[in-house]
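Chemist: Between the sequences and the hints, there should be enough to build the whole structure, so can you do that?
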Amino acid sequence: MKEIKDPKKLQKKILKTTYLIALLPIISAIAAGDMESLLGFVFGLVVATLLLRLKYNNIIRALNMDMESAEKFIRNRYFAEYGLYFLVLFTAARNPSLNFLAAAVGLFMIKFTVLLLSVKDLLKDTFQSQFDRYK
Amino acid sequence: MVEFSPEVIETIIRASALLGAGFAMIAGIGPGIGQGYAAGKAVESVARDPEARGNIITTMLLGQAVAESTGIYSLVIAIVLIFTI
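Line order of the protein sequences matches chains D and L. So that you can map any letter, position 88 of the first sequence is 88 in the UniProt record's numbering, and since no number is skipped, the others follow by simple counting. So that you can map any letter, position 38 of the second sequence is 38 in the UniProt record's numbering, and since no number is skipped, the others follow by simple counting.
Bear in mind the hints are in silico, worked out from the structure with no lab data behind them. Hints are supplied without guarantee of correctness; some may be wrong.
Okay, derived cross-link-like pairs now, DSS-like style, lysine-lysine, Cα gap no bigger than 25 Å in a straight line [to be verified]:
#, chain 1, residue 1, chain 2, residue 2
1, L, Lys-41, D, Lys-135
2, D, Lys-16, D, Lys-120
3, D, Lys-111, D, Lys-2
4, D, Lys-72, D, Lys-16
5, D, Lys-72, L, Lys-41
6, D, Lys-8, D, Lys-124
7, D, Lys-5, L, Lys-41
8, D, Lys-9, D, Lys-111
9, D, Lys-135, D, Lys-120
10, D, Lys-5, D, Lys-16
11, D, Lys-2, D, Lys-12
12, D, Lys-135, D, Lys-5
13, D, Lys-5, D, Lys-120
14, L, Lys-41, D, Lys-111
15, L, Lys-41, D, Lys-8
16, L, Lys-41, D, Lys-124
17, D, Lys-2, D, Lys-124
18, D, Lys-120, D, Lys-9
Modeler: Written out as structure tokens, the structure is:
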């Protein structure tokens, strides 16, 4: 993942991997007939995708500002996004047709994917350096 | 020994849960400050080396996406405390 320098390509790769990983819980929920979990998970995942795109747009805007304005701008945007996260979780908690924990997992899917890809890169680098040492 | 009625005990538990939710929300402040600081430094880096802009954006996007996880964990805990207890 670290060899990708283009932010749009990186975003695409993260979203593609996230959706691939998300297929597993989605298919499991359909097979189990648990519609609340399915709806909650998809709800969380869709909002997480939109918030990632919003974050990218915010970063692009912040980089055209001066240092102090960028700092203030990103901080304020974080709290606005936090409010959106709260609304999503509040809706999932109050609505009986959405599973709260599934919505929370859906929100975290992108973050889990980023961590997973980073760990994969780290392991690849470690094994490559070990391999080069013994070659 | 003082004996409390079930209503009083329930009220104490509810109040403690709400207090815990409030304390959990404190964790939401940290990532905001950290992200703002990182954004400021990113602007400084782009000004110093404009060719590294793409690299800085990708690093910042990944960093910010993961950094806000802790804030959302606290939000989830707070909502669980508010709505389930």
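Chemist: Against each hint, give a clear statement of whether it holds in the structure.
Modeler: Right, here's what the structure says about each hint:
Taking the CA atoms of L/Lys-41 and D/Lys-135, the gap is near 40 Å; set against the 25 Å cutoff, the hint is violated. Simply put, D/Lys-16 and D/Lys-120 have alpha-carbon atoms about 16 Å apart, close enough for the 25 Å limit, and the pair holds. With a CA separation close to 16 Å, the supplied pair D/Lys-111 and D/Lys-2 stays within the 25 Å bound. At roughly 32 Å between alpha-carbon atoms, D/Lys-72 and D/Lys-16 are farther apart than 25 Å, so this suggested pair is violated.
Restraint check: the Cα-Cα separation between D/Lys-72 and L/Lys-41 comes to about 12 Å, which is no more than 25 Å; the hinted pair holds. Taking the CA atoms of D/Lys-8 and D/Lys-124, the gap is about 23 Å. The hint holds against a cut of 25 Å. The suggested pairing of D/Lys-5 with L/Lys-41 holds, with an alpha-carbon distance near 19 Å, which does not exceed 25 Å. Of the supplied pair hints, the one linking D/Lys-9 and D/Lys-111 holds, its CA atoms being roughly 17 Å apart against a limit of 25 Å.
Between D/Lys-135 and D/Lys-120 the alpha-carbon distance is near 22 Å, which keeps this suggested pair within the 25 Å criterion. A hinted pair counts as satisfied when its Cα atoms are at most 25 Å apart, and D/Lys-5 with D/Lys-16 qualifies at roughly 17 Å. Under the criterion of a C-alpha separation no larger than 25 Å, the hint pairing D/Lys-2 with D/Lys-12 is consistent with the structure, at around 14 Å. At roughly 30 Å between alpha-carbon atoms, D/Lys-135 and D/Lys-5 are farther apart than 25 Å, so this suggested pair is violated.
A C-alpha spacing of about 18 Å is found between D/Lys-5 and D/Lys-120, which places the hinted pair at or below 25 Å, so the restraint holds. Restraint check for L/Lys-41 and D/Lys-111: the C-alpha separation of about 22 Å stays at or below 25 Å, so the hint holds. Between L/Lys-41 and D/Lys-8 the alpha-carbon distance is near 21 Å, which keeps this suggested pair within the 25 Å criterion. For the hint linking L/Lys-41 to D/Lys-124, the alpha-carbon distance of about 29 Å lies beyond 25 Å, and the restraint is violated.
Pair hint D/Lys-2 plus D/Lys-124 holds up; C-alpha atoms about 12 Å apart against a cutoff of 25 Å. Taken as a hint, the D/Lys-120 and D/Lys-9 pair is honoured in the structure, with Cα atoms around 18 Å apart against an allowance of 25 Å.
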